[in-house]
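2 protein chains.
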Amino acid sequence: MGTDLKDQLTKHIDEAIAMEEDVVRMLESMIETTDDVDIKRELREHKVETERQSQRLRERLEAHGAEPSLVREAGGVMGALMKSIVDAARSEKAGRNARDGYATEHMEIASYQLLERIARRAGDEETAEVARQNRGEEEAMAARLDRHWDRFAELSLRDAGVTAVANAAAQ
Amino acid sequence: MGTDLKDQLTKHIDEAIAMEEDVVRMLESMIETTDDVDIKRELREHKVETERQSQRLRERLEAHGAEPSLVREAGGVMGALMKSIVDAARSEKAGRNARDGYATEHMEIASYQLLERIARRAGDEETAEVARQNRGEEEAMAARLDRHWDRFAELSLRDAGVTAVANAAAQ
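Chains as they are written, first to last, in the numbering used here: chain A, 9 to 179; chain P, 9 to 179.
Hints were generated in silico from the structure; no laboratory data involved. Bear in mind that the values here come from a model prediction, so they are computed numbers and not experimental data. Hints are supplied without guarantee of correctness; some may be wrong.
Not everything, but these chain P residues come out facing chain A in the computed CB check (under 8 Å) [said to hold, decoys possible]:
no.	residue
1	12
2	16
3	107
4	111
5	119
6	126
7	168
8	169
Note that the Cβ used here is the ideal one computed from N, Cα and C, for glycine as well.
Please take these sequences and the hints and turn them into a complete structure.
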């Protein structure tokens, strides 16, 4: 494996670990601010899943003789997603949580698409497989969010203090 | 239409306009930093599409007797996506552009899922239709990005100065 390519691979694995650690904290914040029992349960399940993903990536990093630096990309997307989640405490939690969560899942999917290919080019099939497996879980989570838009819209209106939803259609 | 619900609807339309205006600027920055001819062309086409989407939303806002405030959600996700795109000038443009672009498309999709439902509950079928139409275009753009992961990975490695990609598989 060329040194440059191996450096890029470990850098991408390291960044994926930092991303998943951020997602764990984001999910914890979402779980706290979610009242809906079903959605809360799905978020909790995805938190456990996310912790497993992080562990798989750590094992791959160790296989390359490296340790997680948990380096942050200053001002990156994830930092802002985190901030947005925290800000969401202000109003309309459900709508913003859903939107930010959906964007985050797809940022993770994109990251794993790239990691899988870089690992494969570096001849590291195990990391490519971890990337593929983690991506599958993110895609499943995104599909679960996709089934809830009706509920997210209702919860968003409720958070905004709109209660007379049923009346609207009559006018 | 209840006042509260109408307020929420115009607020969501207004936020969608601000989002699309941000996306236009983000696409301009991506176009500048993209060398790949095919991807550059797709970004340009999506910029034109995005300007049309913004215009449709403005017409719906005007139909409700309101004007765009182009209000920003301070510290929101979009602001950070923008910052990330600008920061991407530093290194690995292609990989970060692709990841941020993919996350952004899905944030737009999520926003339109919510807007469509809130408009429908408010009895505003025209806005619901604009939301549905704009979402369809975002989904098509996301599908285009999905076809390019091989190329994004290659461009990402090239931006990082890795040129000996072809050699890696042999080791």
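Hints, verified against the model:
1. 12: holds, 5 Å
2. 16: holds, 5 Å
3. 107: holds, 4 Å
4. 111: holds, 4 Å
5. 119: holds, 6 Å
6. 126: It holds, given that the least Cβ distance between residue 126 of chain P and chain A is near 6 Å, below 8 Å.
7. 168: holds, 5 Å
8. 169: Nearest chain A Cβ about 7 Å off; hint holds.
When each numbered hint is compared with the structure, no violation occurs for any of them.
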